[in-house]
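Let the sequences and hints guide you as you build the complete structure.
Each chain, letter by letter, is given below.
There are 2 protein chains.
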Amino acid sequence: MRSSQVTIKDIAKHLGISASTVSRALKDHPDISEETKRMVKDLAAKLKYQPNALALSLKNSKSNTIGVIIPEVVHYFFSQVISGIEDVAYNAGYTVVICQSNERYVREVANTKALLAQRVDGVLVSISKETQDLEHLHNVEDHNIPMVFFDRRCSDIEADSVLIDDFNAAYQATKHLLKLGRKRIAHLGGPMHMDIGRLRKEGYMQALKDFDVEVDEALIFEANTFEDAPGCVQKMMQYKNPPDSLFAVNDLTAIGAIQAIQNMGLKIPEDISVVGFSDGRFSNIINPKLTSVDQHGYEMGRKATEILIKRIKEDQREYDPVTEIIPGTLIVRDSSVNR
Amino acid sequence: MRSSQVTIKDIAKHLGISASTVSRALKDHPDISEETKRMVKDLAAKLKYQPNALALSLKNSKSNTIGVIIPEVVHYFFSQVISGIEDVAYNAGYTVVICQSNERYVREVANTKALLAQRVDGVLVSISKETQDLEHLHNVEDHNIPMVFFDRRCSDIEADSVLIDDFNAAYQATKHLLKLGRKRIAHLGGPMHMDIGRLRKEGYMQALKDFDVEVDEALIFEANTFEDAPGCVQKMMQYKNPPDSLFAVNDLTAIGAIQAIQNMGLKIPEDISVVGFSDGRFSNIINPKLTSVDQHGYEMGRKATEILIKRIKEDQREYDPVTEIIPGTLIVRDSSVNR
DNA sequence: CACCTCATTGCAAACGTTTGCAGAAAAGAG
DNA sequence: CTCTTTTCTGCAAACGTTTGCAATGAGGTG
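As you go down the protein sequences, you meet chains A and B in turn.
Count along the first sequence from 1, then add 561; that gives the number in the working numbering.
Count along the second sequence from 1, then add 561; that gives the number in the working numbering.
Hint data in this document are derived by calculation from the structure and do not stem from the laboratory.
Treat the hints with care, as some may be off.
Same chains, same label: a pair holds when it works inside one copy or across any pair of copies.
Stated by the list, open to error - Pairs of lysine-lysine, DSS-like flavour, derived with a Cα cap of 30 Å:
#, residue 1, residue 2
1, K607, K690
2, K871, K674
3, K674, K609
4, K570, K674
5, K828, K801
6, K609, K623
7, K744, K801
8, K674, K598
9, K602, K588
10, K574, K607
11, K850, K740
12, K871, K850
13, K588, K796
Listed below in structure tokens is the structure:
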């Protein structure tokens, strides 16, 4: 016995006029007399009439909704992205439907299906780590629904994407250490099969090369968690030529390293300078404050949504996908200093 | 020229049969012959037919969608809640529409309106800090749409709610310090006009009373940010009878205090023990690890959604609202110790 | 052969809106 | 007073589905 939702028909019946007249009156159609308009509007207000968006969407075959498929909401970076998406969408009059894949392929497929069924006008996707088969995304293409990738792209699919310039940000971070006079720069990096790990390492190496500093593989580890870091640090500090600084693939790893270093009685940033990457949430609350790269998640969300809405409005079947690169910003804090 | 969405009618036309037959065939209605079923299903698969959820919702006047109004996605706690909501909703076949109020009243009102227009089947709300006027929420009630409050309730509205037991969690946190032999326990608390600030302070005071420790107003501050904390600490440490421990209304404030204390050359936990509250994200990465209260955001999201879906299914106009209290869990780490 | 029973299919209405077109009434023109 | 114009309103179809009911035809029964 739910509903009790007022419709245009109800208003029409109460007033003894037709639904079409009510519809026109509500949107100030010039054909309708002022008197009728007033009557209709007054009653609509009184009954708290809310237009049924579903009926509208069905009629116009557009739902004013955009779907988001995102790995995990609880990641600070992703929640920032969502925030950016939400803001732009809200201002453009779109509703946002958020689906988490939880990094699971099957769930990503299910989400895609649900969004398609919902007839979303466009989709924002950051694919899960598991995703290999792309049929579900081709499906979206086939249905001619604009799609924009953010953060994680799918190179086999022709679609717009908004990405972080991992290579360059890592380059800048490393360069910053080099300019401080550091020469033995360790790197705690991510797995090579992920863009994020590969590109950041490449940026790091390129900077070394450009500054004529030899790359020492003994200073490079695959370690990208808070827990991984201490082991690497302990190992390195036993070298006869230990590192004088460290660039980590993310902030948590950097923090793990910092604490390990401090526990060995060394001073940060004097003895060892440390630079992290992204997240940003922790950088200010640890001691010393962490020099790090801001990934601009909010901005990424905004950008991706703007592109998507543009595509929706253009309404063209074919277009040349753009790839927008958002530069990371190195924020120098207290964990790095001249030697 | 979008669309290219296949409909039941298209299938019907291709096969030279009626839409009703197609509809029935797709859902294995016993009236339809096996042969027809096969034909229909094959073609549906080939054309990648996706039922139009909008049409369905319109027909059934239920959208299988639940709306969420949440202050800010980027708060770790809230993003945990969303995660819980998403999981339960997904498993029950519901789509989740998320709206951020950004703690702004006007936006909350707009969100409510949008969700109403979308004909969501139910709403999960955590009201913004600004919200005083409740007309928009009464509106939801009037439309007979089930609503569940989480984390922040609205006592003027009769609805289910899921809350944290702030009082008791604060009581436990304080008791923990008392049992460690601490007697001069400072409290950095939130504003009194918010439940969260008031209840946690009351829990703190009750614990002191139960342990026959005198409440000293000089040890109680309204300070609930990382930046607020150091000032209070410096002030208190000049007392002739300074605190031996501290209970903060949230983790960031606790961390701000810890750093201020450490900067004064004092040792944590020996000289001063510290307990925080919630967030959890930081507790493990600072040094020493922070004793704190886990607020169980994910659990809260699950619980609220379960109740909501139950209400939706019951489909009763009148019911007695329940209030579910989720106990906070004190997690003892390294920042508190026997004196 | 008339009648009944199944099995299978189609018709039409409904959900809430919008909109082109036609219709009616009022007003203006001659 | 008739004809034309203007002003206002209503009809009906459409968006994609579902579903009660009617219709069709085949086969069975007496």
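Tested hints:
{"no.": "1", "hint": "K607 - K690", "result": "between (52 Å within a copy, 29 Å between copies)"}
{"no.": "2", "hint": "K871 - K674", "result": "both (23 Å within a copy, 25 Å between copies)"}
{"no.": "3", "hint": "K674 - K609", "result": "between (34 Å within a copy, 11 Å between copies)"}
{"no.": "4", "hint": "K570 - K674", "result": "between (33 Å within a copy, 20 Å between copies)"}
{"no.": "5", "hint": "K828 - K801", "result": "within (18 Å within a copy, 33 Å between copies)"}
{"no.": "6", "hint": "K609 - K623", "result": "both (25 Å within a copy, 19 Å between copies)"}
{"no.": "7", "hint": "K744 - K801", "result": "within (15 Å within a copy, 50 Å between copies)"}
{"no.": "8", "hint": "K674 - K598", "result": "between (42 Å within a copy, 22 Å between copies)"}
{"no.": "9", "hint": "K602 - K588", "result": "within (10 Å within a copy, 43 Å between copies)"}
{"no.": "10", "hint": "K574 - K607", "result": "within (15 Å within a copy, 45 Å between copies)"}
{"no.": "11", "hint": "K850 - K740", "result": "within (19 Å within a copy, 34 Å between copies)"}
{"no.": "12", "hint": "K871 - K850", "result": "neither (40 Å within a copy, 47 Å between copies)"}
{"no.": "13", "hint": "K588 - K796", "result": "neither (72 Å within a copy, 62 Å between copies)"}
In this structure, the earlier hints numbered 12 and 13 are contradicted, and the remaining ones agree with it.
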